[in-house]
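If you're matching them up, the sequences are chains U and V in order.
In terms of my numbering, the first sequence has 273 at position 273, counting the first letter as 1, and numbering is strictly consecutive.
In terms of my numbering, the second sequence has 189 at position 189, counting the first letter as 1, and numbering is strictly consecutive.
To be clear, the hints were calculated from the coordinates, so they are not data collected in a lab.
Take the hints with a grain of salt, since some may be wrong.
Calculated lysine-lysine pairs in the DSBU-like style (CA-CA distance at most 30 Å, straight line) [said to hold, decoys possible]:
1. V:Lys54 to U:Lys185
2. V:Lys134 to U:Lys313
3. V:Lys17 to U:Lys185
4. V:Lys134 to U:Lys312
5. V:Lys17 to V:Lys229
6. U:Lys185 to V:Lys107
7. U:Lys185 to V:Lys86
8. U:Lys185 to V:Lys71
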Amino acid sequence: MKLINEYKANPKKLILPVLVAALLVLLGLSPNFTKPYATIMLGTIMMYIILSLSWNMFSGATGYVSLATAAFFGVGVYVSAFFGSSLSLPLLMLMGGIFSFVIAFLVGAVTLRLRGVYFTIFTLGIVKLLEQLMLYLEITFNKTRGRFVVSYTFTEVFYWLFILMILVILLSVFIKRTRFGLALKCIAEGEDAAMHIGIGSTMVKILAFAISSFAMGAAGAAMATRWTYIDPYIAFSTNLSFLPVLMVIFGGGRHVFGPLIGAVVFAYIQELLITDFPYVYMLAFGVIMIVSIIFMPNGIVGVIENIVGRIKKAKGGRKNADP
Amino acid sequence: MQILNGSGVNKAFGGRKAVDNVDFHVDENEILGLIGPNGAGKTTLFNLISGAIKADSGTITYKGRVISGMKPYRICHMGLARTFQKAKNFPDMTVRENVLMGAVFGKKGTDNAAAERKTDEILSFVGLEDFRDKSPGDIALALQKRVEVARALATSPDVLMLDEVMAGLNPTEVGEAMELISKIRGSGVTIIMIEHVMKAIMSLCDRIIVLHHGQKIEEGTPEHISNSKTVIDVYLGE
Ligand SMILES: Nc1ncnc2c1ncn2[C@@H]1O[C@H](COP(=O)(O)OP(=O)(O)OP(=O)(O)O)[C@@H](O)[C@H]1O
Ligand SMILES: [Mg+2]
Numbered sequence: 001m002k003l004i005n006e007y008k009a010n011p012k013k014l015i016l017p018v019l020v021a022a023l024l025v026l027l028g029l030s031p032n033f034t035k036p037y038a039t040i041m042l043g044t045i046m047m048y049i050i051l052s053l054s055w056n057m058f059s060g061a062t063g064y065v066s067l068a069t070a071a072f073f074g075v076g077v078y079v080s081a082f083f084g085s086s087l088s089l090p091l092l093m094l095m096g097g098i099f100s101f102v103i104a105f106l107v108g109a110v111t112l113r114l115r116g117v118y119f120t121i122f123t124l125g126i127v128k129l130l131e132q133l134m135l136y137l138e139i140t141f142n143k144t145r146g147r148f149v150v151s152y153t154f155t156e157v158f159y160w161l162f163i164l165m166i167l168v169i170l171l172s173v174f175i176k177r178t179r180f181g182l183a184l185k186c187i188a189e190g191e192d193a194a195m196h197i198g199i200g201s202t203m204v205k206i207l208a209f210a211i212s213s214f215a216m217g218a219a220g221a222a223m224a225t226r227w228t229y230i231d232p233y234i235a236f237s238t239n240l241s242f243l244p245v246l247m248v249i250f251g252g253g254r255h256v257f258g259p260l261i262g263a264v265v266f267a268y269i270q271e272l273l274i275t276d277f278p279y280v281y282m283l284a285f286g287v288i289m290i291v292s293i294i295f296m297p298n299g300i301v302g303v304i305e306n307i308v309g310r311i312k313k314a315k316g317g318r319k320n321a322d323p
Numbered sequence: 001m002q003i004l005n006g007s008g009v010n011k012a013f014g015g016r017k018a019v020d021n022v023d024f025h026v027d028e029n030e031i032l033g034l035i036g037p038n039g040a041g042k043t044t045l046f047n048l049i050s051g052a053i054k055a056d057s058g059t060i061t062y063k064g065r066v067i068s069g070m071k072p073y074r075i076c077h078m079g080l081a082r083t084f085q086k087a088k089n090f091p092d093m094t095v096r097e098n099v100l101m102g103a104v105f106g107k108k109g110t111d112n113a114a115a116e117r118k119t120d121e122i123l124s125f126v127g128l129e130d131f132r133d134k135s136p137g138d139i140a141l142a143l144q145k146r147v148e149v150a151r152a153l154a155t156s157p158d159v160l161m162l163d164e165v166m167a168g169l170n171p172t173e174v175g176e177a178m179e180l181i182s183k184i185r186g187s188g189v190t191i192i193m194i195e196h197v198m199k200a201i202m203s204l205c206d207r208i209i210v211l212h213h214g215q216k217i218e219e220g221t222p223e224h225i226s227n228s229k230t231v232i233d234v235y236l237g238e
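Start from the sequences and build out the full structure, keeping to the hints where you can.
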């Protein structure tokens, strides 16, 4: 099946994945030979990679722009806050994932009937709703706003984020080659037509939304154990709803590498700027965003694909010109 | 034998009746024409049958099962396919991939190999082999409409609903489209077609239903329709 097996045939297409795999191995081993500071920063970058890849898995695939990322991340954060003392880190992440999956499934069942900007606004509303609900509950029953979370070492969190990231990368690659991925593609290209050729689009969308939220919740559970103290504003910070969108637009959403590159670049810029110029970095993001929307509609990866395409064409042209 | 049947079907948009208490039936392996002036409710009736929208009241039965209220994908799985008045091809897929999607999702239990085979069969059946790797945006309108028909056919329908597949085509292309439609019927598929091209309707259809302001005002053979005073008054005579 052409759509499904298009990556199989060409060995040249293996170069990039092998390179990435090598980089990943290096990354996985990095805590052994880098300073703690680097481990913390790489952990943060991995968090952004997880969030932008999982955002792309649903929103990039279907064209339904969700801003609920922070909501599901926050659910994970609170799972760690509540159960941190009784469960191990991987179990906390699993539980954060499951909670987010279930909530996303229910939210999706209600909201995925909405299309376009209505859906987007609703998803942002969910972040605010959960934030305010948590705030109310904490103040009413706990008499304080925040909580302490059981803390794990940066290195431990690093390894578990690393494993989660690998799983998300693999899922992003393989989902495209399944019928489920094809159904998502059809929905993006024309939902009415998709429904009329036998695709149960509502269920497909809800499932994709829930799956992508699983990773967000798991990431939130892991990150919370690095923060030691959380409150609803920290857990449900809307930054985490917007940044993954920017990262995917910047990197390009068509290819798995797009969100990856976008996350690395943005997270790195943020790390560089946030300490010295705390106000400049949001401005810098804004500028980068506008420039990339205007000049690279398919992101960095789109630009690279264009260049590669032109080089190939030029080569092909020369070949044809030969007698 | 009746394969599709509707009774007392109603649909209003904001108080305005688009389909007004319509009864209809479709016999197995016939070509039924659906005609009427612009805004008569023809496309709305297709939308009601295919499940795209829900009727306010009335029942639609297909192969003896009530389908009104069912989701479009389930209706498609039962063997009822349609095309859209304004072609809704998947723009970022090739012609072949468009058709393949119909084959992959249209019928439950189709494996990939079978879907591939079906796709190539359909592409040659409708005469699109030469355009298989083109983007649907890069081919002529007549061919785009053919892609829609091919994608619908790939879902293995027993009933195919065609919404103005000849609109905007030149006379040669209309001729080719007519040939294709008889060929599809020849393969055992029942067809309901909405069309403004009278020549095509009159020569292809076994039976015709005329809608006007959402109401069925006439029904019968092409000969009966072309001699009907009501039809001439509201439509053919215009
Ligand atoms: N989704 C909708 N919302 C509101 N009004 C609608 C909708 N769909 C159709 N209508 C209205 O219902 C009436 C019937 O429209 P319909 O598209 O069924 O006509 P038609 O017979 O297919 O016309 P044409 O030959 O121009 O395609 C029109 O007045 C149209 O404006
Ligand atoms: Mg119409």
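Results of checking the hints against the structure:
1. V:Lys54 to U:Lys185: Holds - the C-alpha atoms of Lys185 (chain U) and Lys54 (chain V) are around 26 Å apart, at most 30 Å.
2. V:Lys134 to U:Lys313: With Cα atoms ~18 Å apart, Lys134 (chain V) and Lys313 (chain U) stay inside 30 Å; holds.
3. V:Lys17 to U:Lys185: At roughly 36 Å apart (the allowed maximum being 30 Å), Lys185 (chain U) and Lys17 (chain V) break the hint.
4. V:Lys134 to U:Lys312: Satisfied, since the Cα-Cα distance of roughly 19 Å is no more than 30 Å.
5. V:Lys17 to V:Lys229: With a Cα-Cα distance of about 24 Å, the restraint between Lys17 (chain V) and Lys229 (chain V) holds, given a limit of 30 Å.
6. U:Lys185 to V:Lys107: holds, 18 Å
7. U:Lys185 to V:Lys86: Holds - the C-alpha atoms of Lys86 (chain V) and Lys185 (chain U) are around 20 Å apart, at most 30 Å.
8. U:Lys185 to V:Lys71: Holds: Lys185 (chain U) and Lys71 (chain V) sit about 20 Å apart, inside 30 Å.
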